[in-house]
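Top to bottom, those sequences are chains W and D.
Counting in our numbering, the first sequence runs from 1 upward without gaps.
Counting in our numbering, the second sequence runs from 10001 upward without gaps.
Everything labelled a hint here was simulated from the structure, so no lab data went into it.
This one's a predicted model, so the numbers in the text were calculated from it and none came from an experiment.
Treat each hint with caution, since some may be false.
[Unchecked claim] Computed beta-carbon distance windows for the label pairs: (1) W:837 - D:10500: 32 to 38 Å; (2) D:10500 - W:668: 53 to 59 Å; (3) D:10175 - W:988: 37 to 43 Å; (4) W:585 - D:10022: 42 to 48 Å; (5) W:300 - D:10566: 51 to 57 Å; (6) W:967 - D:10359: 45 to 51 Å; (7) D:10264 - W:558: 40 to 46 Å; (8) D:10555 - W:833: 29 to 35 Å; (9) W:794 - D:10175: 21 to 27 Å; (10) W:331 - D:10175: 52 to 58 Å; (11) W:668 - D:10533: 48 to 54 Å; (12) W:833 - D:10542: 37 to 43 Å; (13) W:967 - D:10240: 52 to 58 Å.
[Unchecked claim] Taking lysine to any residue and the SDA-like style, the derived pairs with C-alpha atoms no more than 20 Å apart in a straight line are: (14) D:10021 - W:526; (15) D:10020 - W:603; (16) W:433 - W:526; (17) W:1006 - W:896.
Even for Gly, the Cβ is constructed at its ideal location relative to N, Cα and C.
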Amino acid sequence: MKNYFFLLMLLMCSTTLFAQTRQIKGKVTDENDAPLFGVSVVVAGSKQGTQTDANGNFKLDAPGTGKVSLVFSFTSYKRVTVVSDGTSEVQVKLEKDVTALEDVVVVGYGTSKRKDLTGTVSSIGGPELSKIPVSSAAEAITGRLPGVQVTTTDGAPGAEIVIRIRGGGSVSQDNSPLYIVDGFPVNSINDIAPADIATIDILKDAATSAIYGARGANGVVIITTKSAKPGKTTISYNGFVQARTLPRELEVLSPYEFVLANYEYARLRSQTDVDNFSKYFGVYEDLELYKYQKGTNWQKELFGKPVFSQQHNLSITGGTTKTKFSFSATNNTDQGLMPGSGYQRNYLNFKLNHDASNSLKFDFTSRFVNTVIDGAGSSGTSSFRIGDAITTRPVNGLADIIELDPTGTDDDYEQFLKSLINPSKLIEQDYRKRLSNTLNMNVALTWAILKDLSFRSEFGLDLGMGQAKRYYGPLTGESRNAGGNLPLGEITNSNTRGYRFTNTLNYKSHIGKHDFSVLGGQEILATGMGFSEFNRAKYFAENIQPENLFANMTLGTPDRHTTTVFAGAKLASFFGRATYQYDSRYLLTLTARADGSTKFAAGKQWGLFPAAAFAWRMSSEEFMEDVKWVDDLKFRLSYGEAGNNRLDNDLFRVLFQPTDNRPIGFGDVAQPYYGYSSSLLPNPLIAWETTITRNAGFDFTLFNSRLSGGLDLYWNTTKDLLVESDIPQITGFSRQQQNVGQTSNKGVELALNAVLIQKKDFQLSANFNIGINKAKIDRLDGVNEKPFMSNWAGTDLKTQDDYRVYVGQTIGLMYGYVTDGMYTTADFDSYNPVTRAYVLKAGVPSIGSFLGGISTRPGVTKIKDLNGDGVITAADRQIIGSALPKHSGGFGLNAVFRNFDFMAQFNWVYGNDIYNTGKISFNQFYRTTYGNMLNTVNSDNRFKYIDAAGNLVTDLTELGKLNANATIWSPFSFGNATPVFHSWAVEDGSFLRLNNVSLGYSLPKKVISRVGMTKLRIYATVYNALLWTKYSGYDPEVSSTRSSSYSQLTPGVDYSSYPKSRNYTLGLNVTF
Amino acid sequence: MKKLFIILTIFAGVTLSSCKKFLTADSPSLFTPEYVFGSETDAKKTVNSVYALFNQDAYTSRLSNNFTGNTDVEYGGVAASPDNSRRDIWSFECTPTNADLLTVWNNAYNAINRANECEKGLMEVSLAKDPTNAVYNNLLGETRALRALWYYWLMNHWGDVPFKTTPSRAGDNFYLARTGRDTILTFLINDLIDIEPKMSWAENLDYGIERINREFVIGLIARLSMMRGGYWLYPDMTMKRKDDYLTYIQLANTYAKNLVDQKPRALPDFATVFMNQNKYIKPLNSDILYEVAFHPGFGDVAWNNGIRVDGGTHPYGAGSNYLSFPLTYYHSFDTLDKRLPVTCSLIYFDKDLIQQPAGSGSIAPGKWNRMLVPSSLGPASAKGTGINWSVMRYSDVLLLLAESENEINGPTAVAQSALRKVRQRAFDASQWTDKVENYITSVSSSKQAFFNAIVNERAWEFGGECLRKYDLARWNLFSKKIAETRNALTEMGIAANSGTGAYSQLPDYLYYKRDSTTVSKNIIWFNKFTKPAVAPPIINSPAPGDNPNGYTRLSWTLSMYNSTTAGPAAFILNTWRGYTDNTGSAPLRYILPLHNSVLSSSQGVLQNQYGY
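Please put together the full structure from these sequences, using the hints given.
See below:
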């Protein structure tokens, strides 16, 4: 300690002892001789330095006499050291640094130069981001970074975006990475205006993410917004307009085919059904008339019409070297494909940096986001399903003149009504509007106590105000069950707050070739504190509009009113990081973080997460000096632990919460009651989930910086998995949070950047990345197998457990029956007209009434009798698909020709299966009354039971003749409420997508400078331009289920996913 | 260096203690068990959480109604083929994928766990502080009775079930196997016997009969004991009762008598009992001992169980009806029985509130009628009538007394007296000699005759109240009664067609006219119980314009006949389709399968029995 103090004293003295000054002047330009503004100029070996002004000029007081070395550095330019004689003016031309080794990478509580990294960080910077317009930050990284898989759960505006870094270790836990925006953790990266993003850095291994300890297990996405720049005030405008279209329609039965199928179905059932059918659609002989009807194209009607969206961003930066600011405002309006859906976001971003003195710096940032999301969507709890666009009948037949009979039993009535409802009407009645305002403010004070020692204190505040409005019209189930068939309205008002207080002490020094730095810090973080108020009223007048309803809740009968205070979650942490470098050749980083979280019981609250990383710059070794084609080569090795506490609050203790949801009605009054605060059974034993990451990798820059990239191998193990486990219902609960088992992810990632052509007028570069990940279940809760349900069809699905997890295998295994074509007439001996049964030949397994529809007969779907017991049962199932891809990645091209720029970015996923629920439910009558089906089962393709005269054919020979060309089983094999998951519905989900292609033109500077502009670029982009896939649904890039919009355990289900749109964009970038 | 160490230690100490303080996140909206059981007001609200589970579809339409058909009394309409809905439960064709199974199962165990939680909290917090507090003691009784009720229903529908009497906690064994019905029932009975003396009579409780009270618990002990002393279906498909059954019949007898002695009361007019329910009136010390309280906007009584009212512009809304009575039941009544017109409604109201004949396949429970609710439910209303649902009536206890007494001692004066009270209410005092005294004398000729009289009396007394399934099971009469009903209906159809046979005196047609002076154009029946010797003139028959003041006719027993097959109508074939033995000797599989997801979540500990 004494020595250390002495050293500090000495260092301080040294600067005062030799204080003798002179002034050096100079100018810095870029390779095109344009002045560079804001370039840092430092006298080598001292802290004497300045920045260039708007004209590229600088003046610098330098100590001593004689020659002096000046170091010039500027982001994305090569660092240059120039030796000056100390008197004449210095002219420096900076060269663009394509290797990015000098790039500053944000690594958590500090920055690092890419070349100094010991861990794995993937980054995407401003230049790439500014060229393509994206409506979210997630879109910006889709397919661009190795090992980072971005899935938009569906195409709905504001849809959940699932980001998985290296597969994600958790089984049912939220596997999304930690999002940090300018130091503050946020829930969703949707909260940040894409135009404001300067860089995105993704920390992938524990060596880098361990500094975030607790929450870094799934990787960390750090977003840095554009910072303030001093100098002349710059105003820029970026904007685009976009048209979205449905790229693909599913082919449904024509009106004639539709009535024919329904007739056949009725004929197969009973004469009563035929009579009913005739009542609605006319007698069989007249059905020909439907050939001349066009019918309604519900897909077009519901989400096929082009919709528009636009984004405008205006930013202003300026200031002096001492005080600089930036301000940015963004408006993004996005109409959804579905009528009534869409969102609007307004972002305001303000940054201010002020140097109070040489040793005291003050930073302020604030972000305000206002979001309005319209529409209830098509998955989750909404009552509209995408399937309605397929199954709604294209023609009404005679139904328009039928009078409704409102009696009949409840579900029948509801189904009957629903069958007559125009889906657009249902969407109107299932109204939802969500509004949120969030304000985030951060202040930071940096105090350079000593030359090498600095202290930084940051305080951040996050305030949120949300309002959710839900209206249920008379056609919705909610109105029917609880609202007396009249409109019902719910408003939830909530406000949330969070804060963060971080103090770090940073010490950096070097002695000779030894560089070292130590960071120590403490942080407290509180999130999700707040208050919410829920109001519900019912029995509104039938014709009330949602807007009027919400503006006048008093017009209804008050039903429920609850208020809740959220205590939120808190995290207390201590962390430290030490780095050591020898000659930039050997690099070592040690990190440790201790986190205490309120999500666990006392005694289980703290977790300690250490990490170590080592890197070796081989290219600096003597033996590499002769290898001229290697510019830089670094080998990295890391090992570390990170934690995960992403679960609901208070799951460790039994607590009660008052509620008035469906209460008992003593005295004809709703009696509120104390219920359990969670639907999960509390578990006091839950503790941190820990992920161990091991990483080995190379970073390389080759061929005179023409080729650069990185190769990483990793092996991550997640133990004490936090799993929301199914427990027997006899406990009174269905689920409990438990620490269960272990999973691992092994993989390889490769990223390559190549400068193919580098000429004055023409530059062409390419990028490529690929990630191969293998996820494995190492251990489960003492069992080797666990069933899971995707729940897309609730309890309708024949043998509901359609997913399996096995120890030693990967997650996402689909479990179902194996399709074996259909029964043909050759499978039968005879037909008995008395019992109306077909007699199977000996040895042919019977399906019986297993499928719920017409039982064993020719034309019925055949299922493989796997256990050979002669009957089809739940035991005849096996793994029929795997949802996780073998590899995924992307590649792209960037070209600049004179004033034109071109960019194309592809991404792909290979080797995954998709569980296409539409293929099941749209190729049978599933929960529809006079519904439509896909064209797959048209009368040319399907096995038919009626002859040309509309009569039922039962004779085996006749039936055989009639169906000589049948290629698919009868859709009536399946019951109206019995979808069956068989291998036919598992499809290859591999795809290659031209994610975006963009062409831009920048007007020559000479022209635009006359109107005071420094940049004017126009561009056109097509997003989701082309798709190559064998998948028959709307889009293979889906993962949605009914229970929640994304379920980690049952990935790859395509259920009522909102179709992804194709976007055509025109945009403009202007800078003054 | 030492100093530094001390400073650091102090610093660390301060930091850690402030850390500890920082690392708590308690919301004033969330409460600990100590709090919610800490006062009478709060403890009541906590026990309300168990009651609240009555206000779920799982109970209102499922368990209390749909799960109790089809018997010789109530039935729900069955489709042409199984459809994996509630109709399959009615027709004994339920499969393990039927979603209703899971809904009810989950709700039942949810209620049981909440009851277990309340029992623990009341004992460890409330009563620990104040052991003699009447409110706390009654709450404990309510909690145990609610738990007993849910287990009672679970066992009636699923046989032996996993049995848990403590609130679920981490570390418990969640994978419980089935416990025998005898063990569970014995536990529940003793559990209630223990708390019953400390409970309060309804008259001393806030909300009276809407809250579980002492008289109901006494009745419940009797009901549970009768189940324990009765038959049930074993997985090997035999109907047996335990060797010690008489002990429990005796216990039922003791408790039924206990109530009659301690809380004697006169039975109110039969129609008034249900009129009160429709009008939200809850009289104390009357017939209903306990009823499930629904507030307006909730509850399915008179929506799926009651007189049908079609929705229209009138202010009463639409009330469907799932539940009907077969012709055999209707014609089993003495025509002078006052319970008949209250129980069986031959009419419904159309959208203009005009009375319409319900038809032979839609004889509805007339006990409940949404049009009688104090403030009209509104034109768009459907469910949510707010009418309470009776769980036990005093007459039920009287009949249990008569039955248990007969079982032990034969048709003694005690047994006769209990039956008498029920019969007397059913008939006008002027007919008591014949319909009550002579009747009782005649059925008291033997133990068996008296037992048969109880079987019939319970059918007449509780029609539409969905108790029959439980009675038939414990009497081992389920299969017999189903076969009898089906055979009788078939014969009725044949007799109507041929005009001869045992049932030929029953009306093949019902004839009616309308009273155009009434608002609802009330239907006036020409014949309700017998076939007229001479058919009255039919309006517009034989030619249009004939008999302008004639009658309209409605196919009655004739509708039970299928003229194409010269056999039973589809209704007869479908309604009890899952039970095929027309001799009634094979046991009926009234036990339901466990839902698939119950099986899978038990990780193999639970398996389906009874051939499912």
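Each hint, compared with the structure:
1. W:837 - D:10500: 32 to 38 Å: 36 Å, holds
2. D:10500 - W:668: 53 to 59 Å: At roughly 55 Å between Cβ atoms, residue 668 (chain W) and residue 10500 (chain D) fall inside 53 to 59 Å, so the hint holds.
3. D:10175 - W:988: 37 to 43 Å: 39 Å Cβ-Cβ, so the 37 to 43 Å window holds.
4. W:585 - D:10022: 42 to 48 Å: 43 Å, holds
5. W:300 - D:10566: 51 to 57 Å: 55 Å, holds
6. W:967 - D:10359: 45 to 51 Å: 48 Å, holds
7. D:10264 - W:558: 40 to 46 Å: Holds: the Cβ-Cβ distance is about 44 Å, inside 40 to 46 Å.
8. D:10555 - W:833: 29 to 35 Å: 31 Å, holds
9. W:794 - D:10175: 21 to 27 Å: 25 Å, holds
10. W:331 - D:10175: 52 to 58 Å: Taking Cβ atoms as reference, residue 331 (chain W) and residue 10175 (chain D) lie about 56 Å apart, which means the hint holds.
11. W:668 - D:10533: 48 to 54 Å: At roughly 51 Å between Cβ atoms, residue 10533 (chain D) and residue 668 (chain W) fall inside 48 to 54 Å, so the hint holds.
12. W:833 - D:10542: 37 to 43 Å: 40 Å, holds
13. W:967 - D:10240: 52 to 58 Å: 56 Å, holds
14. D:10021 - W:526: 13 Å, holds
15. D:10020 - W:603: The hint holds at about 11 Å.
16. W:433 - W:526: Not OK: residue 433 (chain W) and residue 526 (chain W) at ~28 Å, beyond 20 Å, violated.
17. W:1006 - W:896: 18 Å, holds
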